[in-house]
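Asker: This is what each chain is made of:
There are 4 protein chains.
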Amino acid sequence: MKRIRLGMIGGGPGAMIGQVHRLAARMDGRFDLVGGVFSSDPDKGATFAQEIGSTAFASEAEMLHSGQIDAVAIVTPNHLHVPSARAALRAGIHVICDKPMGISVAECRALEADVAASGRVFVLTHNYTGYPMVRQARHMVRSGQIGTVQQVQVEYPQDWLARDAAGPRARQAAWRLDPARSGPGGALSDIGTHGHHLMRFITGLEITQLLAITARDVAQGGLDDSAQVTLRLDNRAMGALWCSQTAAGAENGLRIRIFGSDGALDWRQEDPDRLLWSDLSGPRRELTRGSPDLCDAATSATMLGRGHPEGFFAAFATIYRDAADEMLGLGPTLAPGVSDGTWGLRFVEACARSAQKGGTWVDI
Amino acid sequence: MKRIRLGMIGGGPGAMIGQVHRLAARMDGRFDLVGGVFSSDPDKGATFAQEIGSTAFASEAEMLHSGQIDAVAIVTPNHLHVPSARAALRAGIHVICDKPMGISVAECRALEADVAASGRVFVLTHNYTGYPMVRQARHMVRSGQIGTVQQVQVEYPQDWLARDAAGPRARQAAWRLDPARSGPGGALSDIGTHGHHLMRFITGLEITQLLAITARDVAQGGLDDSAQVTLRLDNRAMGALWCSQTAAGAENGLRIRIFGSDGALDWRQEDPDRLLWSDLSGPRRELTRGSPDLCDAATSATMLGRGHPEGFFAAFATIYRDAADEMLGLGPTLAPGVSDGTWGLRFVEACARSAQKGGTWVDI
Amino acid sequence: MKRIRLGMIGGGPGAMIGQVHRLAARMDGRFDLVGGVFSSDPDKGATFAQEIGSTAFASEAEMLHSGQIDAVAIVTPNHLHVPSARAALRAGIHVICDKPMGISVAECRALEADVAASGRVFVLTHNYTGYPMVRQARHMVRSGQIGTVQQVQVEYPQDWLARDAAGPRARQAAWRLDPARSGPGGALSDIGTHGHHLMRFITGLEITQLLAITARDVAQGGLDDSAQVTLRLDNRAMGALWCSQTAAGAENGLRIRIFGSDGALDWRQEDPDRLLWSDLSGPRRELTRGSPDLCDAATSATMLGRGHPEGFFAAFATIYRDAADEMLGLGPTLAPGVSDGTWGLRFVEACARSAQKGGTWVDI
Amino acid sequence: MKRIRLGMIGGGPGAMIGQVHRLAARMDGRFDLVGGVFSSDPDKGATFAQEIGSTAFASEAEMLHSGQIDAVAIVTPNHLHVPSARAALRAGIHVICDKPMGISVAECRALEADVAASGRVFVLTHNYTGYPMVRQARHMVRSGQIGTVQQVQVEYPQDWLARDAAGPRARQAAWRLDPARSGPGGALSDIGTHGHHLMRFITGLEITQLLAITARDVAQGGLDDSAQVTLRLDNRAMGALWCSQTAAGAENGLRIRIFGSDGALDWRQEDPDRLLWSDLSGPRRELTRGSPDLCDAATSATMLGRGHPEGFFAAFATIYRDAADEMLGLGPTLAPGVSDGTWGLRFVEACARSAQKGGTWVDI
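Protein chains in written order, with the UniProt record's numbering: chain A, 1 to 364; chain B, 1 to 364; chain C, 1 to 364; chain D, 1 to 364.
Treat the hints with caution; some may be incorrect.
Note that identical chains are pooled: a pair holds if it fits in a single copy or bridges any two copies.
Lysine to aspartate or glutamate pairs mimicking EDC-like chemistry, simulated, CA-CA at most 20 Å apart [to be verified]: (1) Lys2 x Glu326; (2) Lys2 x Asp32; (3) Lys44 x Asp178; (4) Lys44 x Glu326; (5) Lys357 x Asp43; (6) Lys2 x Glu51.
Derived by calculation from the structure, the hints in this document are not laboratory data.
The shape of chain A in the complex, shown without the other chains:
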């Protein structure tokens, strides 16, 4: 079995997302974590590498040109994604990059060009698309099983910013609300882009116009911590996307409901193995991961039998599996790519533009 030598940028002490990427890579089983530049502080990076049984490189450049890695996982704050990714691609290294892809459409477009020029694989970890029932939803919508999409309701409430910003997650709150490091969106960048990509992934529809208003209930002076976005989609359907990091009681409440002329689908990230399907002609059905008669994309992303919750790690590992498949030349996959990342920034910038004007319609 061909193996992929992986380096990591970021993901050092206290960074949950670095641990998630390492675990996802291990779960796929085809990656070897060779080492990383785990921290901007070389001493901290070295200590951390030792703790996790890995190796620290002195710098990104050294790692990228070491000849020791085939691919790199970028898990730094948003503003560092594109520069690292571009450097990697130019060194002939595949890239797995955390989301959002960057902090401006402009830099995303530059990255698109580099991906095209490099011929390397670029995968963006919009990890929720790794859930089998999300892939089932995509299949059902795209094969017409709910008819023409008429309305979309997307929501992603959390409450960590109201709960922990002054405490255990102060450091994360600081950079996520800082435009220099987070880009033009706060909650919009961090979780709004997940909701936006999920909608696109399932329906294949793009937003043509949107209108956003935002709040800064905790983040006074910083970026938005909540946003309400109204959507016009390119098939004339309408939609709404609400995200908030100050919604008391919400943990990771990503949910998408898609209403078509013949039926509807409802999926919730906190109960990911279930997809509710309402057809106008009969009772609601509860489709469950691992059941027979699901589509190939759902079945092939399934690691475990019915009724044993697979959860977040397995979905994330599926994105790594897709990345590995692409890197090993095993064909295209459903993994989000560089153009998805650009769409994400187009969404965030459009929302920011609309909100700054007091909530006007803007083209995306």
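Starting from the known structure of chain A, arrange chains B, C and D on it as the hints suggest.
Answerer: Below, chains B, C and D alone, put in the same frame as chain A:
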């Protein structure tokens, strides 16, 4: 026990809502249904009266001046509410009126004047406010238990229009989508006003500005069958209200979530005996109807012990109970009144105005 | 419309169940509550009658022979049911009797004979069978839609005895745990019989043998407050019935799951408008009250459209509707009758016998 | 970081559980899978090893004495567990063994002696005890937060045997229903032991007497496919344990409810990040994984923030983490051990004995 002699206008053959009003009146136990003008066609009205063991009056005027009734329940299509209500009040008769109160703000204001001049009771059946846990929510928000309200999410999806408009509910679909009989809103008038009132009832906040877009997926050429409304509230909170009568799989999915600086509440009409309370300082709590430690308003609206679902009829009967209390001089109640009805039309007209302009901000 | 003159025995001050019966009778709309013997203390009865706008009779005998009533509702403690019912039947009066029917199989059999001899209607208010989705379940099982019944799981936990026995419900606790007034079962009589009847109503199966163990966690010295019963059914299926009035957190948790060779059904009293149907050949379906394609028995017991919770009162009113239909000669109904009541006591006596012997198998 | 060299016995082509063990080992990150005897057929084993990028040993003996492994994971059918485990221990190799531990109490006792004599670590993968909220439940019960345990309801329904026994899982069905390979229990061994251990793990209570009846609805002639067991616990509490592999619609419905004198807990494997806590003095609370204020055992078993479902793999990895900690001398853990395995077989044998006698009480 003093009893109230009740007449009914509308509510004849096939009208579900007339049956609901009669049942609610019976459940309260202090009303005697004397008779009614159950249909615009006197013969049908007479036949129907006989079927239900009641008496038909030849005309509204005859009934209102018969000396046989103290109060009237108006359950006709929207455009007939205000004329009947004004005639009743001028005859010194109390009014219980179905929602929305009318078809224009102008006629609602005229009715307000008549209510004031008459000294009679006017109750508008925004029946969801009769649910005990809605009254509990009101108490909690207004007594500061979730802090300052920051965000409100209201939704009311149904699917009957997509499901039954061409079949069993064709007649209802016809008048509900006809501006002459329904007023400026379709789904907005029929169910949007319920969501709007529920938000006001619980939070005490008013909308200052709103922006609406609408769809006509089934109702081609008629009124809106879905609407997405963005809200700015008078305490600077933001909100969204979505209503739809073409949302496949939705039965009567009225839900309200209110997020404050300290906590949040979540209530769903399809599971009305439960109120979820999330406080930032601890785990989510599930408050249930009939439990000790609920507020007086919730407890006094409760007819049955914990765990036996009270449901829609009991909530509706609570509005009738309130109406009876007011008519018998037993003090003010939480029942919606005439100014609530005017606010409802202000909401509908503002939405219609906004939507006609392609979704612009309008003052309410 | 022919009307039925109703008297009531019991149901006076503080008796929730009397209020429920009165409400159910009013909801059906064909009963007139003429008066009652609401309390064993005539003064209290008279005061109470006045409070509720009714009339007090001096004694049961006077009421039964007054010529003023056609039917009587018996809502006294268990030991008084059969004597009152027999007296009523002998006076030619129809009987609606609360459950359990009595305190011994012997008196139940005597009552059976009186019912047969009288030609009057006898209805036992196992009210949960009035829920439309319970009737749908019965239809589906009996028409073979889940194949051969193989396993039945019935549970009915409550917690009021642990919560309120020393407080607000002390009086009810006292008689319910007293063998002289409650019969041989505590929780078994009060709620176990509901679970037992529900199983029989839906499946048509009878218990051939059972084995019971009981607990007296609160009711020290009194009757059982919890029981675990293992069942052998007459088609060789096996089952379990658990009831408890000390199960913290349980409100009225009646639930029945029926597993057949081809599929299964799952119904919960706290969410009564929903019936989950799992067929081995596909995904779980959620059948909802008011939907098209339900059986006639479910549809005709439905008062309200989909998505508006009907709840407990409506289900209870359906039993009254059935009773009225039978009294008015409108044909047989699904209402529980006198033989169901005898089966209930056979169940309770068998459980008590088994538990007394330390949990041995006994024939029912 | 010290690493553990792991060998595997069983878990070859088509064996889901082997894949789960390998994944759990990888997720912990301290195990290196050196190789295995993946199949009883050496050729198949070699091919399979190649497929997964591992190495095949020619025989168990060779592997155990190769000096290349520190620990072995045993994932064969039940009858092979004890012989392999004993051989490993005698070779000085730590053991991670799938459940149930064996096919008789006698062989389990022999294994207990070997564990004691060897000084090696023995961990039994009752994996559900790796879920953080199960550990939270254990903490709460054992620290008295629900008072004295009075009733326990355990259930574990599945439907795969009714659904897939004639198809995709025929091979698994064959050995699981064969006493020579499965031991005296069918569903009782496979899933009943999980429920039994979960009850013991959380409550610390042991069964003193039990009574079981079983069914063979699919498994005609073979072992039980469903069992209903009534329990007497050593603190005089009563309980029930129901397991079934023919319960239509059930996927992996393991659920435990524990009722105490002051409160109750409710946990479901299909929604594992949630623990419902009902205290008699207030409303139900929903404790969620990753929340502050959970016990250390729950928190330290948590890999991910609130609201991202961790699921089955993470729980399984926690058992591997515990095993690694024990092997590396990092102190005792909550991982199930050899005496738990013996208790499991005592449970199964007692059930089988009781059922054979037609359902009599037997000591465990």
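Asker: A separate judgement is required for each hint: does it hold in the structure or not?
Answerer: Consistency of the hints with the structure:
1. Lys2 x Glu326: within (13 Å within a copy, 34 Å between copies)
2. Lys2 x Asp32: Classified as both; 11 Å inside a copy, 18 Å across copies.
3. Lys44 x Asp178: neither (23 Å within a copy, 57 Å between copies)
4. Lys44 x Glu326: Classified as neither: same-chain Cα gap 33 Å, cross-chain 29 Å, threshold 20 Å.
5. Lys357 x Asp43: Result: close neither inside a copy nor across copies, 45 Å intra and 60 Å inter.
6. Lys2 x Glu51: Classified as between; 11 Å across copies, 27 Å inside a copy.
Hints 3, 4 and 5 from the earlier list are contradicted by this structure; the remaining hints agree with it.
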